[in-house]
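Q: Please dock the two separately framed chains into a single complex, following the hints provided.
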Amino acid sequence: MTVLERIQSRGTLLTHGLLGVLFIVAVGVVIWLLDSVNGFIVYQLSSVTYIAIAAAGLTVLTGQNGQLSLGHGALMAIGAYTTALVLKTFTDLNPAIVMVASILVTAVASIVVGAAAARLRGPYLAGATLGLAVGLPGVAIRFSSVFHGDQGLTVPALSSPDALSDVPAEVWLAWVGLIPAAVTFVLLANLLKTRYGRDFRAIREDEVASALHGIRVSRTQVIAFVLSGACAGLAGSLMAYTSNLAAPGSFPLTLSLQLLAAIVIGGLGTLPGAVWGSLVIVFAPDWIGTLNDAMKLPSNVRDELPLALFGVVFIVAMLAFPYGIQGGLRRLIAWRAGRRRAAAAQA
Amino acid sequence: MVSSSIRRLSRSWGAPLAVLLMIVSACGGGSSNGGTNTASAPGITATQITIGSHQPLTGPAAPGYSEISKASNAYFQWVNSHGGVWGRSINYLYEDDGYNPQNTSTVVRKLVLEDKVFAIFNGLGTPTHTAVVDYLNGQKVPDLFVASGCDCWNQPSKWPQTFGWQPDYIIEGKITGKYVNDNFQGMKVGYLYQDDDFGQGGVQGLDSQISASNVVDKEKYVPTNTNLGPQLAKLQAMGAQVVVLYTIPAFTAISLLTATALHFSPKWVVSSVGAEPITLAGLLAAFAKNQAASGLVNGIVTSGYLPAATDTSSPWITLFKQIHDQYISSLPFDGNVEYGMAVAYSFVQLMKKAGRNPSRQDVIHTLQSGQVDQGPGLVPFQFSSSNHLGYSGVQMAVIQNGQASFTGPIYTASVSGGVQACGSCASKPMPTNGIP
Chain A
1 MTVLERIQSR GTLLTHGLLG VLFIVAVGVV IWLLDSVNGF IVYQLSSVTY
51 IAIAAAGLTV LTGQNGQLSL GHGALMAIGA YTTALVLKTF TDLNPAIVMV
101 ASILVTAVAS IVVGAAAARL RGPYLAGATL GLAVGLPGVA IRFSSVFHGD
151 QGLTVPALSS PDALSDVPAE VWLAWVGLIP AAVTFVLLAN LLKTRYGRDF
201 RAIREDEVAS ALHGIRVSRT QVIAFVLSGA CAGLAGSLMA YTSNLAAPGS
251 FPLTLSLQLL AAIVIGGLGT LPGAVWGSLV IVFAPDWIGT LNDAMKLPSN
301 VRDELPLALF GVVFIVAMLA FPYGIQGGLR RLIAWRAGRR RAAAAQA
Chain B
348 MVSSSIRRLS RSWGAPLAVL LMIVSACGGG SSNGGTNTAS APGITATQIT
398 IGSHQPLTGP AAPGYSEISK ASNAYFQWVN SHGGVWGRSI NYLYEDDGYN
448 PQNTSTVVRK LVLEDKVFAI FNGLGTPTHT AVVDYLNGQK VPDLFVASGC
498 DCWNQPSKWP QTFGWQPDYI IEGKITGKYV NDNFQGMKVG YLYQDDDFGQ
548 GGVQGLDSQI SASNVVDKEK YVPTNTNLGP QLAKLQAMGA QVVVLYTIPA
598 FTAISLLTAT ALHFSPKWVV SSVGAEPITL AGLLAAFAKN QAASGLVNGI
648 VTSGYLPAAT DTSSPWITLF KQIHDQYISS LPFDGNVEYG MAVAYSFVQL
698 MKKAGRNPSR QDVIHTLQSG QVDQGPGLVP FQFSSSNHLG YSGVQMAVIQ
748 NGQASFTGPI YTASVSGGVQ ACGSCASKPM PTNGIP
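Residue numbers (our numbering), protein chains in the order written: chain A, 1 to 347; chain B, 348 to 783.
Derived by calculation from the structure, the hints in this document are not laboratory data. The reader is advised that the hints may include incorrect statements.
Unchecked claim - Below 25 Å or equal to it, Euclidean Cα-Cα: the simulated SDA-like pairs (lysine to any residue) are:
#1 B/668 - A/297
#2 B/487 - A/157
#3 A/296 - B/427
Model, not experiment: these values are computed from the prediction.
Chain B on its own, in the form it takes in the complex (with noise of 0.2 Å):
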């Protein structure tokens, strides 16, 4: 791969390299913007941006998971050649953990002190970044975009380093409970959810906006034990008429199964980290041994904060598509390979607001300042020197045909407020090839 042979280059030529710059830039001086470019912080030479990730290349959560690095690199690789952001390419160097925490401490430690990295770019996982958010912050290195809707990375003061990206499991738990509430009036709601932070925030969002009364029955599950028979009966003997799952896409479709062969039909609303179509499409036939299994995704309600993938009618999806078929053709184009060009997208703009020559303070600056916009997503970041989440809302959908219909308006809210309609959310406009 490209991003190994530059990463060896570097760790050969990349120290004197930086110092004979130093030296060049030191006579050439200049301003933040103008002039000429300088080794402004570890992991940024004149010509590179280093960057590191620790993602699940293998092991438990590698399905699907895997893609979304890969994608983030596809979309760097388009921005490198089209001469990189102020002149410099970006180097990503995505090392597997296996979503064992005990590796992230590991490779983490390695991006840092050896390849000496800019920033953690998109770190995937709740139990896995927890393990290294204090190192991270203690050695003020940027964390940025951390991929898990744990609202626990907004610990400003705590935590000034680390700052999410997708919209938090409690927001999204908020518009789906206002979606239930307001189209299933009077209908029995019954909640099956993972047992950790995604779930129960998940729960924390619904519970705020379902009345009590209205909720017949509440099942929790752990995703080492794969069998969910005896909630969905329990959810079936509650007499559940609408049933919400904040479950991982597997969970999901294990949920369809059994409950089909319990001859249960509810209304099934799913939490947009269980509900990618094509995935669970994938993952029903798969389960099932049978392709017609994957039509039980129809008439799932979901939501989502980026376009569909599917929606070629936008122009952002089109470029995505572009990209991928031009980089990584082998894998499929679906929601995990949006969402990595999607946050790369966020880190480019970043790179450019920043500044010519940023140091790491600068960027956290630039990013709490609110100068990074939405790009492809739907809704507004919420970034702020007092707020380190990322999206600040979603808009309901409704699987059809295998493919997300976003319906209704799109909603903001925030952990500890309401929910409002956001007549003027949509996508921004898309800049010229995508390059912010």
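So that you can see chain A by itself, here it is in the shape it has in the complex (with noise of 0.2 Å):
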């Protein structure tokens, strides 16, 4: 850690920048080279992209400015839907326009989302934002002339360019996601160092105060919002190139639900949180679906198992790392800092 908060000292774009170009060069190799290994677990990748890039956005407005929202699947679907409206009037758009496309959307939606949450705090804000989760698939439903009802809007699958035709489908898919993903944290990481991120924990903490110090409050709480929805217009725009598909059905509540559950256990308020949770996120199901069928049950108690083991899995972790897998891993490295402070002063 201290070797990342010395970087992280220097506060300048260009180094988060320079950061964010080494982690996509590094984690775009790897994922070559792990294709032929399992594709599989490139895919699972791919969507590791999306769930972090809105699990980020989340991290933020939950953890740095203690507005809670589950929400932020709903507002996924806004992106979702928007790219899908996009990509059938114009087919072959470059992915860049249309997922600028679906933050802009998104981020329009989450003004009105946002100016009604700075009037609502605690479980009333976390009530408006479950129905907009509950409420806004069904819109879908009810126009179905536009957006298709419960069949959805499919999306055409991202094909990589004739020059590097022999790439995988799924390597380019999570090449695709994995500079978004990039962008997103390098900005937000910068973010949370200027005024707005002082002004986002200020606002956590104490919002009298905060005002008292000259922070317009509500004004910043609707720009931690927006901010935040932006990130989920941008995951749901990749949600949907990833699955080829804008439907109501892929966003239950569960999946708000799901995100809010990976930045806690991550660790709240942390951008690495939020990509420890995305990954666990992910594989998690998978590896307890294996090992479920290894356990030989009876069907009717293996096919309803995953979700128990899911919340189980989740219940011990937080269990065992109260502040997340972030928090844990600090914890790790101080400790054995202070180990090797004390071995040195023995000497």
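A: Have a look at this one:
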């Protein structure tokens, strides 16, 4: 952690940007190598990219600014449907432009939600955003002439350019996902170092004290919500590319709850925690499924058990690491550093 | 379960075994039907065919539908215990997608990229399968016998690998419409349909047969809203004497109970999707918290394309019941179990006809050449190079004493053509042990 902290302490866009580029190249190479071993893991990594983007946005909102949202799955749906509708009209549009369109549309929607959210506190805010998560997919069914109801809108698969036609589809998808993910994390990491980041945290700690120090509380809260919503919109767009579909069934309430679970288990309010949590959310169900198959249970138990095991994993993880994975890692590093200091003092 | 242990075995030993067998077979050679088994395609080794599916084992579509894949697997185990297909056992990996298209995308990638299945078989649901149909065709993975009656699967030039199985909703709607015309002449007709490909397809078929002047009202619903009071009150107010339901089982039950509360008792005509008598009777009793409510199923007019699950005179049903009792006796023996076994039979027959060492393309060609017969089904398949839809018709049935009894001729139809009676249509004679 000390190395990362030392780099972060320079706090320039350039340093973060360089780190981001290094990250893209390194993970990109790993993905390329992994594909020959198991293409499915590569596909799962592309799911990690969009879950991580949404989780990063949510961890800023909930962990840094103190606003709890149970509605980020619905904001992802807005991003996904924007992507599907844009691509329906402009079939071959560059993914970067499509993603920007999804971000903008979701950000506009987030202004409305965020303005309402800034007036609500605690359980009332949770309830309002919960309503969004439950209600919004129904819009697609109600206006089925536009959104094609339950069946949803198909999104054409991302195809690699002709020069790279040998690259398997799942590798290209993961590469494409990696870039917006890295950009999001770099920008968010920067933002948290600026005045806005400090304002977010100040409001989380005490709204009245923040107001007395001249921070415009409601405005800052709306900004945090819009920022977080924009991340969810980008994540939704990437999700639509990943699954080739925008359909109401893809955005159940559990998606919003999973995002929340990801940031909590990863370490609330920390960006690396959003990555750890996303890895857990994507990979744990598959491992649990394999374990479950190996136990040779009667089928009625076997079908339902993965969900229960998933819950147990979370409960155990939270008991063992109350500050999430990132908190656990920090404690581990601090403990080792302490031992080293103690050893040095004795010598 | 047996399938899971085979799966773990195949993960650890599959690849070395396949290489070994390829070397062996390269020495042996052999023509397509004679000679030795080779690893002729992804997912096919000398001893095994691995196929996969996405199924709603949990979630909103699980009640009833979760039985289908278990029934298919039971039939495959039966075939395996009788020597398999061309000496290969069938390893059926069905993954739970919870009827969530996002999960479908993930589990199908797992099946194709990690488990390296030969084909996706009987993937269930229109919204779920829509999420993977482009991917499967892009990867040239056979996408066989989709468990959905959407006519959208019939796009041979866009999706050459994709094939339906059950009669599509439009065909069923046409034949149902003809029945209403012939049997309820001059009566006022109303519709209640689910507002998606299922209900809309059904209505398209009905409208092509029933004259618009007889239809007094068309109501629709979405499955997220369980209150059908307004729709049924409207149908009642419009004086509908016959109500055609394009509803899934839970909403058929809600319709019947709501109408009873309104003292509305039209003649009910219900799509085969929503009128499986055993499932429906169970739902009625559960929703009404009264066993007597299950009697509401009696008198419903519906349709079917497989022998009734209660028809013990059919050798197919006798055999399916025997397999059910041997492998999956904890499940009820109903239309879903019958469906799962019948579609598994079609797959085994397809693999038998495709030859000893088929490629993926050979299987597609065999299916398009019309060599797969209807098996237990009442009507022939439509499969050809220009038509990827399955069963070509249905027979109408009336539910009495909780059992569907077929009535009148068997009809065939097509999406674009008319309705014809088919005098020669019937289930095929069952081969020995029900194995093609």
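Q: Against each hint, give a clear statement of whether it holds in the structure.
A: Evaluation of the provided hints:
no.	hint	verdict
1	B/668 - A/297	holds, 23 Å
2	B/487 - A/157	holds, 14 Å
3	A/296 - B/427	holds, 19 Å
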